[in-house]
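With chain A's structure known, arrange chain B on it following the hints.
First to last, the sequence lines map onto chains A and B. With the first letter of the first sequence counted as 1, position 48 gets the number 48 in the UniProt record's numbering; the numbers rise by one all the way through. With the first letter of the second sequence counted as 1, position 455 gets the number 455 in the UniProt record's numbering; the numbers rise by one all the way through.
For the record, the hints were derived by calculation from the structure and aren't laboratory data. Here a beta-carbon is modelled for each residue, glycine too, at the ideal position from N, C-alpha and C. A couple of the hints might just be wrong.
Mimicking SDA-like on lysine to any residue, the simulated pairs with C-alpha atoms at most 25 Å apart in a straight line are [claimed, not checked]: (1) A/LYS137 x B/VAL346; (2) A/LYS134 x B/PHE148; (3) A/LYS118 x B/HIS225; (4) A/LYS137 x B/ARG349; (5) B/LYS154 x A/SER124; (6) A/LYS75 x B/ARG358; (7) B/LYS145 x B/THR189; (8) A/LYS137 x B/GLU339; (9) A/LYS134 x B/PRO92; (10) B/LYS199 x A/PRO136.
Where chain B lies over chain A, by a calculated footprint (3+ residues, C-beta under 8 Å) [as the list claims (entries may be wrong)]: (11) 108-115; (12) 119-130.
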Amino acid sequence: MGSRALLMLTNFNFKTTVSSFGSASNPFFLIKNNLRTRNFSTKTRSSLQPPDLPGLAETARISLAPNEVEEFAPKIGQVIDWFGQLQAVDLDNVEPAIRADTEGDNLREDAPQTFENKEALIASVPSYEEPYIKVPKVLNKE
Amino acid sequence: MASTLFRTIQIHPFLLYPTALFSRRNGVLYCTMKSSQTQTATQEKQQPPKVKVPQHALKKTVDKITRDYEAIIGIETHVQLSTLTKAFCSCPYNYGSQPNTSICPICMGLPGALPVLNSKVIKFAVKLGLALNCKLSLNSKFDRKQYFYPDLPKGYQISQFDIPIATGGYVDLDLPLEFGGGHRKFGITRVHMEEDAGKLLHSGNGDYSQEITSLTSIYSYFSKHTVDLNRAGVPLLEIVSEPDMRTGIEAAEYAAELQRVVRYLGISNGNMQEGSLRCDVNVSIRPVGQSEFGTKVEIKNLNSFSSINRAIDFEISRQALLHSQGQSDQIVQETRLWEEGAQKTVTMRKKEGLSDYRYFPEPDLPEVILTQEYVDSISNSLPELPEAKRRRYEKMGLSMQDVLFLANDMNVAEYFDATLSSGADIKLAANWIMGDIAAYMKNEKLSINDIKLTPQELAELIASIKSGTISGKIGKEILSELLAKGGTVKGLIEEKDLIQIADPVEIGKMIDKVISENPKQLEQYRGGKTKLQGFFAGQVMKLSKGKANPGLLNKILLEKLNGQS
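In isolation and in its complexed conformation, chain B is listed as follows:
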């Protein structure tokens, strides 16, 4: 069904703008050839400016169908906590350890073993609950969620059911400008504590172990199943959003904001590739104006923000097409998998029915009791969160693009803040960090904590340029040396004799020398070829080894060229 839609979309621009389409397909899109049927409008959004024409034609066709529908998107996110030990036993957890080495009777679910809760799990849950503006339950409990799956040794997962530790919050975020910008607020239904399952490996076809709690048999055709229990019992926080998102971009940005929040809080590395941040997305659509929800479809196997975005927009198009063709009965409650290679969602299991997890209170664990003093002390120790940081940067007068860049990574933001507290100009500091420093980090594959340039020296560098001690050009040269080798701005200036020449007499002498050595050019200049000023300026700058103050140089040069000496 979906393929019909996409074929139509593709044919359109193809006929109208064949060359443009080819250049797009060859150069811009990063998906594989197989995906020819499934290039949705989403990908166009990913690659905005390059080829405008087919993008429009393509978008139009999709828009025509999707315009009449509204998508309702909710997300369940599992965050793996960066505790040293598991949730209910003292087994250390390190991603990538030898399989089945970090195990004990408790996480293996052996009879008689009793769980004891890691205090850090509560601490991290409270941090996240507060950061997401939730109401905390001072009294909560754990429950057993029972299901059978080979990655779950106990036959139940210790989770929280009817009384989660945090409820009713929200998260604020700013959409990037390339996606239209704008501020959004998305509701958080709940945050609860639970334990992870082991890692199921289906030999021959990668690892789909994430949260497959199904009792059905989609994997039955695989030859061998093995399990690694290192991850069994590792603490997770599950964050359930309100169904507040409407587009793939909003959903992807929601997930990105959660990643920022958990990283700022230091409770998880938020790494999606390693599965430390996992998102399951629910998508339904309804005709615009209708108040009841449509049938919702769950999508799993989303390993990056862009796959969240693309999977959702694919799913919206698929459902909208079925609706528009009067086949909305074919949208069924099911779980679909996002296939990165084919860029489409496929049925994983249908008819989930009402899973009967037979929850009951975990008898082996006591009630979780928080005191108000405990909550307050954590509240007081929270770092400045991404949203607060963005608003503060915005108030400083930075553009939204600068704000989003700087606040995206907590370490970059800290570096920026430290540069400012050393007295640097706000906009100049932002420019240096987002420009030369970011480029250097990208080239050298370093994080901002790895570079040798301290924020104090960056501030010094900015001040030295601003005061005219060194030129901007020299500043850039010094920067690369400081980034790679460290040292101080003052030391380098002295060592290399880089102080800017701002003495008019000295500059004048150099200009005289250059003019006298280039009589031909002088003649041409005076004959009306005034563009040659640039030539003279370049020669003087070269003579000064880049140290001449450019403003002064040009001023004196102009005077001299125009025969005032």
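Bound conformation, chain A alone:
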């Protein structure tokens, strides 16, 4: 779980950095105000407060020891602060963009192509019982 946790976090940082430019003032875990008129039930948080780290870890299915919480809290706080800087950008005269890239469609024809190295895929499955992938019984957190 430890290594997985780390992976999730790196992933987390990376994705945030990349995608946030597309949706201007709308980083995903701080749905602050929606540019569109729709009103979703996602909790609104006031601007740029660091998230409740144990809660965040729980949502990501990461077990964090109290000392790890202490270790990660400032790092997450740092990420949040980066977004704080973005908030300062004046967007008054900028059209809201759906995505950062405006090149648009990169589509594929609907032509089947079988992936050849299936053995390797199956071999990498942690628990396999022909022909099924065995999975944990249930993931109950809530």
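What follows is chain B alone, placed relative to chain A:
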């Protein structure tokens, strides 16, 4: 709680009409014995004419309680698209393939694999959006919906969140006459593109893999969980309705209309048993006149239109009973499962709370951009849709029953249209298709595309009868041969020498022969037993091998019997 209600209902007719009830229970109802507590009024609607008396008594009691309440029903429908490949990778998808054979790093969610959107998914989404009278978003995007479940390899589902590809439409439909008939218009909130999850199998208890995105543990008592990822990444369109439906029938007909629409469009096989069309239903009730909604309950595991209908009517009764007993606080926001065997809904998971899916724009996929020209070209290529077809058939003068039958299946409608364009009479063509041809297809378990009779020959057959070349009786005989073996009407008529005898002289000769061979009957006839005309007519028809023109035959026969020769 619910059982009290249904017991009451059952006792009532039982006391009043015991025999009638028995005959109903033995003969008509198709539910199992276990369901004795849960026969709701819905089932009565399914079986209307057979036993009238208990149906009324039963309905009355339920109505008494439900009359004071209004149900609000909304439906989320997932349509699996009939593309050759998955939504974001080129893996082929075929229902029923060997488990875990149609997989690749992308649909397995392996690190570094990047999705590329199948162009057909957009095309199909635009088709459906247009068919459902929606406004299309020329610019939309994909988002990640994050949750953990073993059938979701990536830990998120690629879906569309705040900017779906289509919004604000509606669907028109006609309720079948046996359910009271009438036209309905139901709003469509949105249509969006997303990917399916894999198939979770709980060994020992069937497959409840459909859209169980819960984080709770209702399955924890099962021994073994396995997953088949063939379905992971298969494209879906999710259609969200406005909460416009009020009864189980309306909801079932809404789903049936969606099935017709996706089949007409050719974007999905719409097969509910295979899970290509899946409906999750939200039901709440409120006292009539109240404007705010009651607590809504979601129902899953609905595998047929009739289970949609029955599950909803069960749920309405259950909630109405709780209300009427002052226990409306026991109606809680929850997901309930429809149990087909027991014919009731049961709690699957409570307190859904606000699921925190932490949506954010899918960084691995570009914006979805539609040009107006693209939309227009698809719009121009849409087939005639069920609603348009029904209105056209109605204008032709067909009855609503005919209209609904013919427009229900696109292939039947095409066959009908082709028969008409070969010059056939409208009502006669409808009668042949709905009568003898439908019966043949049912017996032989064939679809209309499998039968050997072409629409052109059907038109020819109808014309031959109408013109008097062959009799209606011979027509039916020819039909069965054409259905099974093919061939042409003209060929068969010549080959079998079936041309109708419409020559008065020839018919007269045959009548003379029959009369002379049956002097006794003639005497009786002339003595006042005029019913014997039928006997003579039958004998003459037999002599002519069914070829005599019946009108002419009877006319001449009558003249001769009455001694005018």
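Status of each hint after checking the structure:
Note on A/LYS137 and B/VAL346: the hinted pairing holds, with a Cα-Cα distance of about 22 Å set against a maximum of 25 Å. For the given pair, A/LYS134 sits about 16 Å from B/PHE148 by alpha-carbon distance, which is consistent with the 25 Å threshold. For the given pair, A/LYS118 sits about 22 Å from B/HIS225 by alpha-carbon distance, which is consistent with the 25 Å threshold. This hinted pair checks out: A/LYS137 and B/ARG349 have alpha carbons roughly 16 Å apart, not beyond 25 Å.
A threshold of 25 Å between alpha carbons decides the hint, and for B/LYS154 with A/SER124 the separation of about 15 Å falls inside it, so the pair holds. For the proposed pair A/LYS75 and B/ARG358, the alpha carbon gap of about 20 Å is at most 25 Å, so the pair holds. Restraint check: the Cα-Cα separation between B/LYS145 and B/THR189 comes to about 19 Å, which is no more than 25 Å; the hinted pair holds. Proposed proximity of A/LYS137 and B/GLU339 is supported: the alpha carbons are some 22 Å apart, at most 25 Å.
As the CA atoms of A/LYS134 and B/PRO92 are separated by approximately 23 Å, the hinted pair is consistent with the 25 Å bound. For the hint linking B/LYS199 to A/PRO136, the alpha-carbon distance of about 14 Å falls within 25 Å, and the restraint holds. Restraint check on the stretch 108-115 of chain A versus chain B: 8 residues with Cβ-Cβ distances below 8 Å, three needed, restraint holds. Given a C-beta distance limit of less than 8 Å, the hint that chain B covers the stretch 119-130 of chain A holds, as 4 residues qualify and 3 suffice.
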